[in-house]
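First to last, the protein sequences are chains A, B, C, D and E. Heads up, this note's numbering is the position in the first sequence plus 2, with the first residue counted as 1. Heads up, this note's numbering is the position in the second sequence plus 1, with the first residue counted as 1. Heads up, this note's numbering is the position in the third sequence plus 229, with the first residue counted as 1. Heads up, this note's numbering is the position in the fourth sequence plus 23, with the first residue counted as 1. Heads up, this note's numbering is the position in the fifth sequence plus 35, with the first residue counted as 1.
A couple of the hints might just be wrong.
To give an idea of the chain B side of the interface with chain A (calculated C-beta under 10 Å), a few residues [to be verified]:
(1) 44
(2) 107
(3) 109
(4) 186
(5) 233
(6) 256
The calculated lysine-lysine pairs, modelled on DSSO-like cross-linking and capped at a C-alpha distance of 27 Å, are [what the hints assert, rightly or not]:
(7) C:497 to D:230
(8) D:43 to D:90
(9) C:504 to D:230
(10) C:353 to E:223
(11) C:353 to C:363
(12) C:254 to E:223
(13) C:504 to C:476
(14) D:90 to E:66
(15) D:153 to A:233
To be clear, the hints were calculated from the coordinates, so they are not data collected in a lab. Even for Gly, the Cβ is constructed at its ideal location relative to N, Cα and C.
This is what each chain is made of:
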Amino acid sequence: MISYIIKRVIMMIPILFGISILSFAIMYAAPGKPAILNLDPEIPPEVREAQAERLGLNDPIPVQYMRWLGNVSKGDFGTSYARKMPVTEMILDRLPNTLLLMASSLFLAAIVAIPFGVISATRQYSMTDYGVTVGSFLGLATPNFWLGIMLIMVFSVQLGWTPVGGISTIGADFSILDRLRHLILPALVLATADMAGLTRYTRSSMLEVINQDYIRTARAKGFRERRVVYKHGLRNGLIPVITMFGLMLPTMIGGSAIVESVFNWPGIGKMFIDATFQRDYPVIMAITMFGAILTVIGNLIADILYAVLDPRIEY
Amino acid sequence: ACGGNDAPAEGPAEEPTEEGTEEEATGPQAGGTVVLGTSGEPVTFNPLYSQDSASADVIDLIHASLLESNEELDMIPMLATDLPDISEDGLTYTLTLNEGVLFHDGEELTAEDVKFTYDIFKNADYTGPRAGDFTELESVEVVDTYTVQFNLSEVDASFTTRLGYGILPQHILEDVPVADLEEHMDYNRNNPIGAGPFVFENYVDGQYIELSAFDDYFDGRPNLDKVTFRVFADTNAELLAFETGEIDWMILPATELATAETYDHARISSTLALRYDYIGWNNDRAPFDDVRVRQALTMAIDRQLIVDSIMDGRGEVAHAPASPLSWAYPDSVTEFEYDPEGAKALLEEAGWTPGADGILEKDGEKFSFEILSNDGNVIRRDIGVIVQQMLGEIGIEANPRQMEWGAFLEQINPPNYDFDAVVLAWGLALDPDPTAIWHSREIEAGLNNISYRNDTVDELAAGNKKIVDQDERAAVIGEIYEILAEEQPYTYLYYPEQHILLSNRVEGFTHHPRVNMYKVNEWYVTD
Amino acid sequence: MSQATENKNDVLLEINGLKKYFPIKKGFFQRTVGNVKAVDGITFSIKKGETFGLVGESGCGKSSAGRTIMRLYEPTEGEIIFDGKDISKLKERELLPYRRDIQMVFQDPFSSLNPRKTVGAILKEPLSVHGLHKGKERQEFIEQLMEKVGLNPSYANRYPHEFSGGQRQRIGIARALALNPKLIIGDEPVSALDVSVQSQVLNLMKDLQEEFGLTYLFIAHDLGVVKHISDRIGVMYLGNMMEVASKKDLYHEPLHPYSQALMSAVPKSHPSEKKPDRIILKGDIPNPSNPPSGCVFHTRCPKAMDHCKVNIPAFREVRKDRYVACHLYNDEPVVR
Amino acid sequence: MVTKQPLLDVRNLKTYFYKKGQELPVVDDVSFQVNEGETVAIVGESGSGKSMTTLSIMQLVPSPGGKTVGGEILFNGDDLLKHGQDRMFKVRGNDIGMIFQEPMTSLNPVLTIGDQLMETLIYHKKLTKKQAYARATEMLELVGFSRIDEILGDYPHRLSGGMRQRVMIAMAMSCDPKLLIADEPTTALDVTVQAQILDLMRGLSDKFHSAIILITHDLGVVAELADRVVVMYAGQVVEEADIVPLFDKPLHPYTVGLMESVPKLDVEQERLTSIAGNVPTPDNFPKGCRFVTRCPHAFDRCAKEQPELIEVEAGRKVRCFLHEGGYFA
Amino acid sequence: MDAQLENHGLEVKDNQILGKRRSLLSIIVAKFFQNKLAVIGLVTLFIITLACLLAPYLAPHDPAYQDLRNRLAEPSSTHWLGTDHLGRDLFSRMLYGGQVSLYVGFASMLGAVTIGAVIGAVAGYFGGLVDAFLMRMVDVILAFPNIFLLITLVAILQPSINILILVFALLSWTGTARVVRGEFLSLKKREFVLASRTIGMSNTRIIFSQILPNALGPVIVAATLAVGSFILAESALSFFGLGVQPPNASWGNMLTDSQSITIFRNAWWYPTFPGLLILITVLCFNFIGDGLRDALDPRVVEK
Ligand SMILES: Nc1ncnc2c1ncn2[C@@H]1O[C@H](COP(=O)(O)OP(=O)(O)OP(=O)(O)O)[C@@H](O)[C@H]1O
Ligand SMILES: Nc1ncnc2c1ncn2[C@@H]1O[C@H](COP(=O)(O)OP(=O)(O)OP(=O)(O)O)[C@@H](O)[C@H]1O
Ligand SMILES: [Mg+2]
Ligand SMILES: [Mg+2]
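The following block holds chain A by itself, in its conformation from the complex (with noise of 0.2 Å):
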């Protein structure tokens, strides 16, 4: 086991070697330079040009890579253009707010998804299996920008129980409870999605792992209805759920950059955003690289409680 995820950690390697040859060609073809070279119409050309000079964008792209790739290597992923700020540190700075929000958002996902997902199983065709049906697609058909608003009108402006956005009150001190009233309205938001696609996905793994023999089999035991669904068979049906995880961190870091735009909150994903307008290339590169090592880590600790929970996989 250690030496299957030695082996797949290097493995990464090559895939974010990849990744960042990808998004480095895709950044250079981009028409428009950056901001800092396109701001302010009044430095005269000289400025800027000694400015583009000093940041390297005249040299060949081959160069700039492999002078990027040799600072990465040693940790340093530069200065932001824009910001002006280590690159490590801005995102060091948001990382956790993002991380935060996506592991909430993955908890409430689980946590609403898995039993709906069984009991939809379990009761087919019942009442509660169309409802559930219909309440998750409603959830996967809902925008999220449009969904993040709606909340916040009902649930900060009218019934003011959460603030509308922010990741703390200003000024107070750290406390849990500030925090989760911030935290809940876009951590349900970014999960909606995905809490739906979990509900199908459970529910459907569900119902094949009834249908198995070991079900009837602990039927056959005398097992009440309880114990054959929930030791027998969640265990096997969370299986398959477990890869969904693994599949869904990308989308999620992508659809924080909505969220945290509704919401104001704190993380990467905004930051992103704003970095590719205005061609900060140093955190195009840097975030697209977390989001990828994410990405990929995502996808290791996926496989790893595959074969946690499954006894049949074997490295």
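Following the hints, position chains B, C, D and E with the ligands against chain A.
Just chains B, C, D and E with the ligands now, with coordinates in the frame of chain A:
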């Protein structure tokens, strides 16, 4: 490049004046916090390098400058005791500083600091955006602790407006090489020390910037204890935060006026902004190289209707490339009223006649072109489609196209200049010098990206900065404006209003057309 | 080393030392870390018009052998001499003519027919691949074919799921017959069928063999079935051929201890029948990726001797037309 | 022959499936008895309703879709159908053990053998973990395992088919059931392994004296194990007899056909006698005798009327007009 | 009755099982129509699609015509669903916007599914290094934070409907590829594939005429779901100003244009109707996909 979104930023300038504040009967009270909504992340708190309004807003609170502009856009003294004493030849500016001005760390601000600050602009290693402002500045001399003298190589009538940059503390920054100053985060971001009314406390990326009152501010301690900027990424969220009382102050988009008007706990302050919006025609390209065509295009666009529909009527139709707020704005210029029939006639005169499909034609060429705007800007996008319809009514086919900002700039600027028409805006500097935009030498690499050429304008523009007398200079600039109004290289659309939504608990606010954080030291809260 | 004792011309298929190893790949670079020795050097021959039965326990390599002979798998080693020509090393393209001569009937009547094709289309495919019976003639040919295997030709435009298991197996047989092959390899063609249907199909296969002079390689694990249909039988264990003998010899007197165990394991056919000395084998079939040393059967063999663990017994003709790989028969003279 | 009350008495059992408004009589009026210590085999081709009969006894008919709609299942004289599921939770796995055909898939892949064995004991017999472990060890020993501790901690996928089937048997027997239902326990296994399992089952039934219902389509297996045989065809019992008489002289044409279809090892046959046609599916059962479409002796009446299952001699029943009124062919 | 046939146990009445003639398709259709939600979805979607296609005949107004003096007018007899912030008729824009949204959804789906099916088929059938290489490629694209790439690409390539579709297709084939590959891995071991090889059929023909039709079930399901997700994706991109460009309407950009508190409060019809249509359409596609999943389940067909 050009500022499509905002003005070429100027340094802040603040000084207490007694006009324009609406005083309550109870008078100002000390204490309290105001939370401001802001839509961008500040980049730097160093006034020599800031380019964005989010940074400028904070800088205006932290730093103090020699002079500042008042809400009438006149320069008034701030750290200086008076406006500069200008020598006969117009080449020497002498200023006297208030005594006992302290930086936040308790050191006194002296003429040495002023020299230190302005010397940076002249330093060859300076990487910031303002070097161009000081081409005429030859040297800065410290006459005595409180007197400083600026020596110019040429007369520059606009030089006074350059004296509004925050003064940096020499004792903190003297050892930092100028080349490294732009990225010197220890100061620029983490611990900016100025002599302004508020002390920088804390900046949490993506969330807020906290400032507190500077007890030893030379003009007296501000009324407020604390000012907090809260960063918003989305206007809807910002407005809702205002609605729930989480913030007290925000810039209100015209589209949300109706909502804001329903708020009992707030008021809206509106004033013309120092900017104008326009459609720029590529003067190098047919058919826009024909002045009659440009005039006809302007006549075919119902600008009042545009103002009414997308600005909710809050703005004025523009007729010249200047702001009515400016002292250089002429009493009258040629105005083209909405007159589609007249436009058609003018076009016919220029050889454009309706073809079989109703679209104007000349020599077999259809009158069809692209109106470019940047995406993400809803107002300009809407202008694009409105203009499309208006021009369509007189037989011109205009196709709006949106481009991502970076790509857009690359396409319309040197060396590409690849566009027919662009919807853009200019935020104006305090000094009305039109050279940078309209002089034909600016076509090559400057801001004259529509390739406007007029010898008279070139000539007048070249001389205007040498004219020290403001009225005289206004006349010359007025002449330029008249030509530009007549020739319509742009179709000037409108002067927009800026709206500020302010909680009723905040008093003492003065609305400055250009500076958001104006005289915040006079603000106070009533709860 | 050929076993053909009679006139070589009678031999249709001759397998010499055939091996099929499946590499076990691991890791990201798909390194081969070992081999599943599914078929580990088997030798036998089939005469024209005869039915050769191949029996053995699950996983002993019967299917692999069949598929390798069919050249669905690339042989690892050994010769497959068909009609006098070694086809073991031919390229896929060169194999095309042999794809007519050798056909296969599969075990699973459900999965051996493409569920998205009608019976007519399924039967048409071999013809169109080989460009046989063009146009109208093709339709007629297919109808005849269906009749031959006892299917109503009017069902040609129905889908496999509309047929019962036995009927599907008939379609499979018809498809194999379409190209007029010389050899048909049946990989457990009746194992999935109910007894009453199984007997129908067995009868059909026998009849067709007579009619077309077919040669069968018949793979099965049901000893009764194999006995019924075969002329000669090979017994496989863990990739190796243990014994080859005529049906009569094998059932009358199995020589190899494994064959003996296999025969004794067959349930009685009548309750009052006495089966005195049933040999119950201990343990399970070893893993073919790591077969035991010496005789592969020694781990379970009731008669195992010490040197069985070390020495691999030769596969020899110990009596006339009887080949066995067992040290028990080392003393018997090699029949020449 | 049998005077005392049978252990299991199935009377006129009817289990139907409902699909698209169609009623599918997959188990139609099935009756038979199982006495203590007796092994009764149910034979018949695929789809004849063998499994559904036993699932009905266990009340595990797949639902929705299937339903036991009539009849009585007297277990020790007590009609199981009259009680609710609650009663069944005590009967299943405890009084009646069950083994399924597919040893590969009938064990839960994510639970260890030990877990699965002990679970039943803890659940039904309220044993402590320790006691359960001891009992599990004992059971595995009984079904011929060595290295038992290892096996108990192992997952099913590491075991071969024969081993898994032995685990299944150990599991079914662990609560000392009075009745063991074995649904094709050896079909998926190799002959040599099958021999091993049959041997084991014979030994166990002798030892524990539990009755067995053995479902199979393999007459050889029947000959090995059964005391009595119930032959099913298309959801109905067509013949019931003690083992020897049945093999000596099958009465129902279907039984005859079935026995003749099997290739014999001891006699040389050029051709096999086979039953024409296919087993009808429940949505297409013939109106009269369900075997009429395939019966070589069918006559007019067979197509119109359903024959009854009649006792033609003590312990011998057959459903065929040919044997009506004691007529003996 | 032919003696030969009788010997083989065949009788004319042998085929009760064949009594009713039901083709594969008819079974699938019948199964599909048993699913009420799926049928509702199909019918609704059909009506929506038809209405959009007939927009030139149905739309009461020019969708681009701005009645600037009649902005944000509430639903009335002239403007059935009211007008937008530029006084354009919402109903007409919804019809025309539907053309765009549905086109984006369908075309992106076709692109993604085609690429995915071919790559998945090749990877699954040939296995080995080809498979390893293609799957690494999938990993790279999957690990790429998608929406980021989307924004970058759309920004680079200029927002236009077709570019949008291209980008969607290029980024979204991975799911289909994985599904198809999985299907191929199991299908290629099925005996009918071996049978095709025994008759000498070429690989290409085996892949495309033998296996692919059997792998289409999950692909079709994925495809229906994809259409919905692309419609949503377009609206998400519109949120960043990168979706379908004006003056073209799409449901997505209509919805994002209406994201203003003032409009929410004072002109509820503006966000509500496009939002509802997106919701309904995506819902329909999901219902249909779900119905197809059951209907196309091979196990069900084979029973
Ligand atoms: N494609 C393959 N790749 C790897 N191993 C294989 C492959 N096919 C078969 N094997 C292995 O080769 C061995 C022999 O398998 P084969 O299918 O030939 O046995 P068999 O005698 O036909 O068994 P059965 O009676 O179960 O059909 C088994 O251990 C099997 O796991
Ligand atoms: N879930 C179900 N829905 C509908 N019909 C079913 C279902 N399960 C079984 N049947 C039908 O019930 C009939 C009897 O099935 P059963 O499983 O009892 O047969 P069997 O005799 O056990 O066959 P086998 O030997 O194949 O196990 C069959 O025709 C089958 O098609
Ligand atoms: Mg096999
Ligand atoms: Mg069964």
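Looking back at the hints listed earlier, which ones does the structure fail to meet?
2, 3, 6
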